[in-house]
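Peer 1: Residue numbers (the numbering used here), protein chains in the order written: chain A, 883 to 996; chain B, 35 to 178.
Certain hints may be false.
Unchecked claim - Rough simulated footprint, nothing fancy, chain B against chain A, three-plus residues with beta-carbon under 8 Å:
# : region
1 : 943-952
2 : 961-969
3 : 972-979
Keep in mind the hints are simulated off the structure, nothing from the lab. On a predicted model such as this, the values are computed, not experimentally measured, just so you know. We put the beta carbon where it would ideally sit given N, CA and C, even for glycine.
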Amino acid sequence: MANKFDIQVRAEHEYAVLETAGYLNDALGEDLSKKAQELIEKGYTQLVINLEQTALINSIGISILIEIIEALDERDGTLNFCGLSATQERTFRMMAIAKYAGIFPDEKAAIANF
Amino acid sequence: MTNTVLKDQVCLTIPMDRDMELVAAKTGSVLAELNHFNEDQTEEIQLAIIETCINAFEHSQSEDRQVFIKYIVKADELECKITDHGVGFTAEDHHNRIINRQQIHTEMRKRGWGLEITMNLMDEFNIESGENGTTVSFIKRTAS
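Pulled out of the complex, with its shape left as it was, chain A reads as follows (with noise of 0.2 Å):
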């Protein structure tokens, strides 16, 4: 069974954001942080993974995006997420992820917050 993903990024002059949709499991989590190293290896530390489209995410998509975070944490940059629904803000809070990187309602707000 096909699990329909995508990823579109958008870099700016300071901040990239990447807008994922579909499943995020261990597949599109591979290819989310291939495509955030790309951006971090150009000198991008503070991201935006916008999760609006991206109706379930399971924990092994979740420790992959733990791993972007810690990526940027290396070189002192920020992660910032928005679109969430209840459920997945609710897992983020349990996971601890919400001390690392931000949770904002939409993506202006998470932009604003760099």
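Let chain A serve as the given structure and place chain B on it in line with the hints.
Peer 2: Frame of chain A, contents of chain B only:
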């Protein structure tokens, strides 16, 4: 609109293959929606099913490589019983899996969250595990 309450059960067997947990989650989602769970509760049920199935895929070591899911729909709740025929596990096994994972921030560990997520999202949670396999049961109530 008449509220029709399902009083039935559905059984599903899935192979331990890529994304098959979505089949189980989707079935749970349909049953939850039919039984008037709200959107957040339906997502919580889906996530609990996904995490429990993934645990079985990754850790059960079952020879038949199958997961058996029973959905029991009652007036105000949905119960899921998720069974594998693997080697079973103890609380100590689970603890060891967690502490063996390295991370920068100790409280932000990467893996080993499946059972905790399920426990946290559901109203009741139970594990029966032995040498013939594991059954994880959980209940979500519409009033929660």
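Peer 1: When the structure is checked against the list of hints, which entries are broken? Sort them ascending.
Peer 2: none
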